[in-house]
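Chemist: These protein sequence lines map, in sequence, to chains A and B. All the letters of the first sequence, read from the start, carry residue numbers 1 to 192 under this note's numbering. All the letters of the second sequence, read from the start, carry residue numbers 1 to 130 under this note's numbering.
Treat the hints with caution; some may be incorrect.
[Said to hold, decoys possible] Calculated cross-link-like contacts (lysine-lysine; reagent style BS3-like; alpha-carbon spacing at most 27 angstroms): (1) A:K173 / B:K7; (2) B:K52 / A:K130; (3) B:K7 / A:K58; (4) A:K169 / B:K52; (5) B:K52 / B:K7; (6) B:K52 / A:K173; (7) A:K58 / B:K44; (8) B:K7 / B:K44.
Hints are computed from structural coordinates only; laboratory data are not their basis.
Below are the chains, spelled out letter by letter.
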Amino acid sequence: MDEPGPKDGELARRAAGGDDAAFAELVRRHAPRVRALCSATLGGPSEAEDAAQEAFLKAHRALARFSGQASFGTWLHRIAVNHCLDVLRAAGRRRSESLDALLEADGSALGGVLSEASPAKALEDRDTVKRLLARLNPEQRLALTLREAEGLSYEEIASVMACSLDSVKSRLKRARIELLEITRHFSDADGV
Amino acid sequence: MNHEQVKERLSEWLDGELDAAIGADVSGHLDACASCNAEASRLKRLGAALFKPFPADPRSTEAFVARVMARVEEDAVSAWERFAALFLAPAFGLALAGLLLAIYLPSSDDDAPLGVAMSIDADAVLGVAP
Numbered sequence: 001m002d003e004p005g006p007k008d009g010e011l012a013r014r015a016a017g018g019d020d021a022a023f024a025e026l027v028r029r030h031a032p033r034v035r036a037l038c039s040a041t042l043g044g045p046s047e048a049e050d051a052a053q054e055a056f057l058k059a060h061r062a063l064a065r066f067s068g069q070a071s072f073g074t075w076l077h078r079i080a081v082n083h084c085l086d087v088l089r090a091a092g093r094r095r096s097e098s099l100d101a102l103l104e105a106d107g108s109a110l111g112g113v114l115s116e117a118s119p120a121k122a123l124e125d126r127d128t129v130k131r132l133l134a135r136l137n138p139e140q141r142l143a144l145t146l147r148e149a150e151g152l153s154y155e156e157i158a159s160v161m162a163c164s165l166d167s168v169k170s171r172l173k174r175a176r177i178e179l180l181e182i183t184r185h186f187s188d189a190d191g192v
Numbered sequence: 001m002n003h004e005q006v007k008e009r010l011s012e013w014l015d016g017e018l019d020a021a022i023g024a025d026v027s028g029h030l031d032a033c034a035s036c037n038a039e040a041s042r043l044k045r046l047g048a049a050l051f052k053p054f055p056a057d058p059r060s061t062e063a064f065v066a067r068v069m070a071r072v073e074e075d076a077v078s079a080w081e082r083f084a085a086l087f088l089a090p091a092f093g094l095a096l097a098g099l100l101l102a103i104y105l106p107s108s109d110d111d112a113p114l115g116v117a118m119s120i121d122a123d124a125v126l127g128v129a130p
């Protein structure tokens, strides 16, 4: 989304020519969204911060290749998404963490997530959220983040993740089933 | 539509991505079925529980911009150092090697260490008249 003042495309052109002030303005405009994406996808604040910085750095290196066919925001978003995917893949899938370890983290909060008794609210413990999301494979986790945190449509998710619509549907469905099963386990355990 | 078929489609229904007719079928079933409706509610709560909005704080954004630009500057310096290491150093090394070879290359004339065929007019040197 272009702000008043020079359009993103013009700033990108200047930044590609070495204008650091132009690039700084692009960072300023798009930082909230990129940071939100990294925070939602990766969970840990320092990892998210590092990933967001790295995404902008990658964009800066690739400026010469920005053709202007897509909007700068879309182009940057794709770089950030791919970087988050790389980070998740490098971290590996922590399926080995047992449900007991999750229970230790905050079993009552997990059980309460599905409870009808209290209004739906975000889990306060970001580490618990991170542990839960770590149960998913990187592609499932990213698809769920793009849908729930960013509100992207299936078509937009497919475009950003460079996969088919069927893959998006399948990833979202499996991610939700997996997480529901875990949280249901704690609901049952607590007798909620 | 039976329970299994509805549960199979709940994820897409939640996201509003079902075809209108099928979506209407699912909604109709949920209105009438407490169990499937409860499952749909659990799915909705899951999203809200896991994904908190990230508030955009202008001061935090400015600090972030400063950190990114510091890294951009470091990156530019590193890029130059990589270029120097990859191209300039070997080029300099080759040039130096070439110069040394030129200086010390053995030639047929032992009196001409520069390897240049220097034509020395011995008579002129000795002052002998031509």
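Chemist: None of the hints should be skipped; say for each whether it holds.
Modeler: Now for the hints, and whether the structure bears them out:
no. : hint           : in the structure
1   : A:K173 / B:K7  : holds (10 angstroms)
2   : B:K52 / A:K130 : holds (12 angstroms)
3   : B:K7 / A:K58   : violated (41 angstroms)
4   : A:K169 / B:K52 : holds (22 angstroms)
5   : B:K52 / B:K7   : holds (26 angstroms)
6   : B:K52 / A:K173 : holds (20 angstroms)
7   : A:K58 / B:K44  : violated (35 angstroms)
8   : B:K7 / B:K44   : holds (13 angstroms)
When held up to the earlier numbered hints, the structure conflicts with 3 and 7 and fits the remainder.
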